[in-house]
Amino acid sequence: MNWESWVISTLNRALAHGTPLLWGTLGEIYAERAGVVNLGVEGMMILGAVSAFTAAQFTGNPWLGILTGGVVGGMAALVHALFTVTLRANQYVSGLALTIFGLGLSGLLGARWVGVPLDNPLPKLTVPGLAQIPVLGPALFQRQSYLTYIGIFLAVVLWLVLYKSRWGISIRSVGESPATADALGVNVFLVRYLCVAFGGVLAGVAGGFLSVEYRPAWTEGMTAGMGWVVIALTIFAAWNPLRAVGGVLLFSGLYHLAYRLQGWFPPEFLKLMPYAFAILVLAIAGLRGARQLAPGALGIPYTRGEK
Amino acid sequence: MKRVGPFLLERRLVPSPLVVLGVSLLAILAAMGAMAIIFFAYGVDPLRAYVMIARGTLGSRFGVMQMLRRAIPLLLCGVGLVLAFRSKFWNIGAEGQLLAGAVAASGVALFSGLPDPLLLPTMFGAGFLAGAVWGMIPALLKVKLQVNDVISTLMMNYIMIYIVAWLIHGPWKGPTMRGFAYTDTFPRAAWLPLIPRSMVHWPTLVIGVAAALLMTLLLSRTRLGYELRVAGESPDAARYAGIDFLKVSLVVMLLSGGLAGLAGVGEVAGIHHKLLGPLHISSGYGYTAIIVAWLARGSPLAAIITSLLFGFIFAAGDVIRVTLQIPFQVVGVFSGLVLSFLIGIELLMYWRVRLLPKGER
Amino acid sequence: MAGTNGENLAHTPATTPPMLLMQDIVKSFPGVLANDHVTFEVRAGEVHALLGEHGAGKTTLMNILYGLCRPDSGRIFIRGKEAHIRSPRDAIALGIGMVHQHFKLVYPHTVAENVALGLAGTPFFGPARVVERGLTELSQRYNLPVDPKAKVWQLSAGEQQRVEILKALYRGAEILILDEPTSVLTPQETLELFKVLERMKEEGHAVIFITHKLQEVMEVADRVTVMRQGKVVGTLPVSETDKASLARMMVGREVVFRIAKGECRPGEESLIVEDLHALNDRALPALRGVSLTVCRGEILGIAGVAGNGQRELVEVLTGLRRAQRGKVWILGQELPNRSPRRIAEAGVAHIPEERIRMGIVPGMSVEDNLILKKHHRPPFCRGPFLQLREVRRFAQRGVEEYKIMTPSPRTSAKLLSGGNIQKLILARELSGEPGLVIAAHPTYGLDVGATELIRQLLIRQRDAGVGVLLVSEDLEEIITLSDRIAVIFGGEIMGVVPAAVATREEIGLMMAGERRRVPNP
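Quick mapping for you: the protein sequence lines, in order, are chains D, U and V. Once you know that position 203 of the first sequence is 203 in this note's numbering, the rest is easy, because the numbers rise by one and skip nothing. Once you know that position 156 of the second sequence is 156 in this note's numbering, the rest is easy, because the numbers rise by one and skip nothing. Once you know that position 480 of the third sequence is 480 in this note's numbering, the rest is easy, because the numbers rise by one and skip nothing.
Extracted from the complex, chain D is given alone in its bound form:
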């Protein structure tokens, strides 16, 4: 195998594998920018995956499946918002509860779909013209998912909204200093609810991508820890949507390079790679002092002036 095909297949696979991570990370960035950690990403993703598969199978329309995944992810996130924003519960524990619940419920709901292939998966996209460019064409523009491109486009839009728009100022302020935002008439609770729900929608779509396109089938626990990788990538990206694209590509690229080492290493080692990467990534972020970039009020429930 020559170096060209290495680059091509690594990039191509990295984009595909990175797509759910990107969607999930973008969503978690918004939730955390508003000050709410959601450790329920894994749960929201898997609920998204099972509901997307179910909807796609029943309607025969994979896009409807993706949409359903997003809606279900968003609804699951709303429960987290209710607990952490309104009831001021511990964000870590609430997120964990959501994950445990999601993994359990998806197992129940998906039991009938185990081993059933999806009749009508999401079509692949080959960009005409661009796909003919040597090396880059097959790497980036051949048989890719619509959701990959939408995800990258979304990252740019979300970056613009976060840093250059009225909403962005409100969201970042709510995450840095909710008391300040409140004193200027910004509805802290509403912003947090919306951002957490938005994060859930994106996580749900990410799950839908897995079951409706990437596999396309339902297997129990198919997110296999991706939700946790998303949370690590959020920190690594320093809560910046554009950096998330870079972080995801780096992560998925390394992941697929590792797969190239098959034959030298037992497969179990390759499977544990992403988790070791995630720790490594956070250690690097720690060395660079990324923690200081965290939103100032991250993880802290907000109560108004009253003692």
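Hints listed in this document are in silico derivations from the structure and should not be mistaken for laboratory results. Every residue, glycine too, gets a C-beta built ideally from N, C-alpha and C. Hints are supplied without guarantee of correctness; some may be wrong.
[Claimed, not checked] Covered stretches of chain V, going by a simulated chain U footprint (3 or more residues, C-beta under 8 angstroms):
| id | region |
| --- | --- |
| 1 | 349–361 |
| 2 | 364–375 |
[Said to hold, decoys possible] Computed beta-carbon distance windows for the label pairs:
| id | chain 1 | residue 1 | chain 2 | residue 2 | range |
| --- | --- | --- | --- | --- | --- |
| 3 | D | Val114 | U | Leu140 | 38 to 44 angstroms |
| 4 | D | Leu64 | U | Met177 | 44 to 50 angstroms |
| 5 | U | Gly43 | D | Asp119 | 25 to 31 angstroms |
| 6 | V | Leu284 | D | Leu257 | 37 to 43 angstroms |
| 7 | U | Leu145 | V | Ala500 | 51 to 57 angstroms |
| 8 | V | Leu284 | U | Phe245 | 21 to 27 angstroms |
Given the structure of chain D, go ahead and fit chains U and V onto it with the hints provided.
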């Protein structure tokens, strides 16, 4: 203070133990109510389901023993997690630490060649150490590199799961197992004694109860326990008082990981007598123990009760699977619901409802 | 200088309703009646001082006006029309602006972004750019210079306050509430602020000026409302009163302004600092060559505007922050960059600035809190075990000796009042017969009774031959308690003056960065 009709709502800063107990029971009841929906969905009358569960668990010697057997690993992991949570170390890694203990114990049982009487004690020692090391790595990463403890402990779970998978498919694969992904069976001397006609490996149970007692003493009566409480309650005050975070975190995770490691030893030496697939060794005890610890609200002694409760829920899951044909994942759903309701109504504990005096109504 | 222009505007004809009327406001928190049937009225074109001690209910009243909390009962009228203020959004729409004592700013954001936050009528994309233009015009009109593109954390406290005022003005505030605005300013900056307030009066704004400092009321206000324990004691024109009677109204009894203390007999040095350098949290230089000495039996006061290195100095001396270079001798031992525990064991007591965050463990009992620094030593600890009987005996004694009001020594420390928390900290810190006491803002936010008690405790320490380093932003306190006063500015000591000959003007100049010409004694 708020007025709602004839009632006066007052905030309180420290809820009484009775209120805590009441609210916790309420959460469990609420989760049971919510479960009714799932029973309905499977076409089972919820009342009948609860009756069958009660008969299958508390109603028979077998059921009670099943409950005890499930409670052992939950208790050991749970007590360790109580300790970690008291110091605000978010150890989500009991699952991996448990497996690490199982791996170390299996290694000793299969390959050490120690004389029979030394075998079990060495297995417990090695299991404790392995779990401790697996827990202390995230502690180091947190204090030295600010690596988020939730993520690192979780990732360590996945890493250990694949290490176990590699061992049983590769180097430790038992030649006598005819292609199954197991190690060989341990020598008899490495089997834990059981309560007759059950799977309750009582030595581990005794260790678990002893651990709960010792950790209670540790928290209230020792310098380490004091420093741990200060570090958990207020990191700034701990710095001010000159408490060494690295030391406290390492010792906490040594104990927390070590206890989870002991749970792993109990599972392989008491029940399976070999190392096998990670899901078969643990069935998620490490994660459920998080709820056990959270429900125990910082008290290792209370973890005895909460681990029994979740032992019951696991046993109930078995009953549901066998007699009602509902998948075992129902346990995960119920656990998630209990935890959700628990934190959801936590705020309730901080309100006191009083009837307004007649004149003011 | 009370309002040359304001005088005319203040006496608006009786037929026009006042700009603001708060009627019969009642607000209770658990255990306290913060506002007890308060009625408060402000006219257009006046600076109206709201005077009272900490905990008198001033801030609560203003939080109600600004929609941050809801009153239990009472009505609010703006320009004669009843207003229902449910949130700050309602308040802003009614033309109310508030500058909080602890600034409500988003520090990592730019000035323009801070002003644009929550602002209606800006374009969706690029709102900050539009605001920048408007800001330039406003800052000229009111003489409030500030760079709209600067990040807020880079600004000085005085500049940050300007941002807060601009934020309110940009939203068209006609009623502006300033909560203790001078606590972060130098005397000179304070004068600047007063000029801005004059300017706002001319433009017809109503300014509510919350303070507990009598001097400022006399200088800037047209009328004053005095509050005590949640009630209004009275409202009167400043021209018809004086400091002494205001003080009586505020405290409810005669106030002694000077604390009796014996002559200072300094002994050997208990603290010597030479050429100390250190960085702040943002890795910028915070201490640039600080040198000073504190002798046994004297109180050295460190005066200065907040954020000039006081916090870092205290942290370095107590081992909570690393010094880059410089030397520190404490009670004869050279102790640079040692651990907090090592320094405490050398005989240093530390009364920290952040009482609740650092000084106590809120969730633990009074008993446990009393041994925070000594839990690892006999008699409280033998081997790995705590000696609970000793702990209990010690706590019993501390609670009695320092008159800590607590239901029991087992009560959780977070249930104590601010004054009792500070007493608890003092009981702990002074118990080991320290040789040096480092006290940061020891009476900040306490009521008169607790303040007096704590000041007396510090003086008693000094009289017993302990060196005391007192850091405070309250100049009155520094002058009252200190034997010598060192002024810190920009991480350097501008000069040291014996308290007996110190004047406010001289100290004020040094607080603004002017070096003392006379050689230090």
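Here is what the structure says about each hint:
Counting residues of the region 349–361 of chain V whose C-beta sits closer than 8 angstroms to any C-beta of chain U gives 8, which meets the bar of three, so the coverage hint holds. Counting residues of the region 364–375 of chain V whose CB lies closer than 8 angstroms to any CB of chain U gives 5, which reaches the minimum of 3, so the coverage claim holds. At about 40 angstroms, the CB distance of D:Val114 to U:Leu140 agrees with the hint of 38 to 44 angstroms. Our hint of 44 to 50 angstroms for D:Leu64 and U:Met177 holds, since their Cβ atoms are close to 47 angstroms apart.
A C-beta distance of roughly 27 angstroms is found between U:Gly43 and D:Asp119, which places it inside the suggested range of 25 to 31 angstroms. For the pair V:Leu284 and D:Leu257, the beta carbons lie near 41 angstroms from each other, so the given range of 37 to 43 angstroms is met. Take U:Leu145 and V:Ala500: their Cβ atoms lie about 54 angstroms apart, and the range 51 to 57 angstroms holds. A hinted range of 21 to 27 angstroms holds for the C-beta pair V:Leu284 and U:Phe245, which are about 25 angstroms apart.
Going through the hint list in order, the structure satisfies each hint without exception.
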